[in-house]
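Novice: Since chain R is already given, all that's left is putting chain D on it; use the hints.
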Amino acid sequence: MNAKPRGAQQVKAALVTAAVKLLGQRPPHQISGRELAEEAGVNYGLIHHYFGSKDILLQAGLADLASSFAEGPTDESWSSDEPFSIRHRLDYLRALAFSSISGELEDLSTVHPVIEDSLKKVSFLRGKGQDPDEQTLTDVAVGTLFQLGWALFEQRVLPGFAFNEEENAEFEKRLRSTLRAIMLDGDVAKATQATPIP
Amino acid sequence: MAAASARQDIIDAALRLLEDRPPSAISGRELAEEAGVNYGLIHYYFNGKQNAFLAARDFFNRWVVDSVMQGGSQPVSLSDTSDRRSLWAVAGHMALEASKEWNEERDLPVVEAYLNLFAQTDPSGDRVQHAVVVASLYALLLGRPIFGAHNAHSVGLTDEDLPKVDQRIRSLVSDLEGSVGLEQQT
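Residue numbers (the numbering used here), protein chains in the order written: chain R, 1 to 198; chain D, 1 to 186.
No wet-lab data here; the hints were simulated from the structure.
Some hints could be false.
[Claimed, not checked] Only pairs whose alpha carbons sit at most 30 Å apart, straight line, appear in this in silico DSS-like list of lysine-lysine:
no.: 1; chain 1: D; residue 1: Lys100; chain 2: R; residue 2: Lys121
no.: 2; chain 1: D; residue 1: Lys164; chain 2: R; residue 2: Lys21
no.: 3; chain 1: D; residue 1: Lys100; chain 2: R; residue 2: Lys190
no.: 4; chain 1: R; residue 1: Lys173; chain 2: D; residue 2: Lys164
no.: 5; chain 1: D; residue 1: Lys164; chain 2: R; residue 2: Lys128
Chain D with its partners taken away, still in its complex shape:
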């Protein structure tokens, strides 16, 4: 097997498994099996399971910035998060990881990309406002696919009402983005 691709195979496998559960609920053996590589290679490339997942997280965050946000030039949309399970389920399970090593790492490329974007579209704006908009976008765009359907049912709405929830979220996202000078995409 080509060496470089085995490393990427492990990262891809980690991301597939993260759609289902958090890192702490995935064993090194499961990861090796999903990647179709020998267990020893996880140690060889990453010095253990924990670092393999950290590398997967890093890869994921770069992918969000480079691909979904087109190099940080556009915000994430509701259909980006709702339609792509890998995006919201992986982000959710990564946020749910409680291990110490995982939380010590302070690399936040997506938050940074957003703040840089707003610094360009709203150069005179204040940084607290930019942060409130970033926080609100995270809450809405990831809260919808993660909690949305169940949450809507619990207030008494049915699946047929979900388009109205989405419409409301889209309009909020648009107002929030507009408040920091982002042009509305159609």
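Excised from the complex, chain R in its bound form:
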């Protein structure tokens, strides 16, 4: 068993870690302050002392997930700006889904460095410079929810396709083309089809 966290820094870190863990398991309104304290191995009163309220602690948990996702892993085996990168961080996806379904995300809102980054890129690729127009904003919003939606449901849906490895690779390739077509206002119907050999 771990030693009981001591001192402001350790206690705060333990509470944020507990928030991150529980946010991936159920909606925020189903997480009590007592559970957070127990999970962190600290006194219940310390949540108030260091964060002011349970909700602020959960918000810190979500912010922690968002920033560690944006940073990517230390070994750089993937990067948050690649398509469907959220797949590498199912804990963050789950936390987003739970708080979003329950409508609690508005209060627990966090900054999304990844989205900001893809907005700039898409805007640039469309020749709109650094300042995205409304159409670009809409398409990036749809492209992002496409990635989140698929990452959430793929484990449910994929077995139904009964693909072999080769088909799976082709599927993945075309799904990425579809995402690209959504973001860059391309032809989605064409993106789902096989690319003819040039």
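Specialist: Then chain D, alone, in the frame of chain R:
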């Protein structure tokens, strides 16, 4: 209490609770209380909470195929998923369930209904394309009600811009469905 209806009461109660949270965050006692039945009946009919939720999932999936997809003859529309909380919130919480028993079950009536539908509307099409369309429809139609509003805010859009997001999604859905030979409904 009539026996047959108690079983259905438990399933209905499970679906109501699934709008709020995943199966693992619902206790057998809560389920019994929501259904207005004795806790022992959950064991009597389902041999436990886990199977009661699996039966609810099965019931839900059949309902999507039989009722929303009209027996598998039509695709799900954006208003089907956006306007019916039971559809997207329940589907979301079911997808978020992480328990092992839950994931071993490989009954996928909705995916199957879609693939069968596309096999009819686009008999010469290839199965990878059909799968990409199914996947894209899932992502858009369920991604919108689950992540949409917050997601739109995070790119800097406001609630007033949401109709534009919906319009874009509808046009994508229509293009995707068109690519597998589905007639556009108006």
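Novice: Against each hint, give a clear statement of whether it holds in the structure.
Specialist: Hints versus structure:
1. Pair hint D:Lys100 plus R:Lys121 does not hold up; C-alpha atoms about 40 Å apart against a cutoff of 30 Å.
2. For the given pair, D:Lys164 sits about 35 Å from R:Lys21 by alpha-carbon distance, which is inconsistent with the 30 Å threshold.
3. At roughly 38 Å between alpha-carbon atoms, D:Lys100 and R:Lys190 are farther apart than 30 Å, so this suggested pair is violated.
4. Restraint check for R:Lys173 and D:Lys164: satisfied, since their Cα atoms lie roughly 28 Å apart, inside the 30 Å limit.
5. With a C-alpha separation of about 19 Å, the suggested pair D:Lys164 and R:Lys128 falls inside the 30 Å cut-off, and the hint holds.
The structure is inconsistent with the numbered hints 1, 2 and 3, although it conforms to all the rest.
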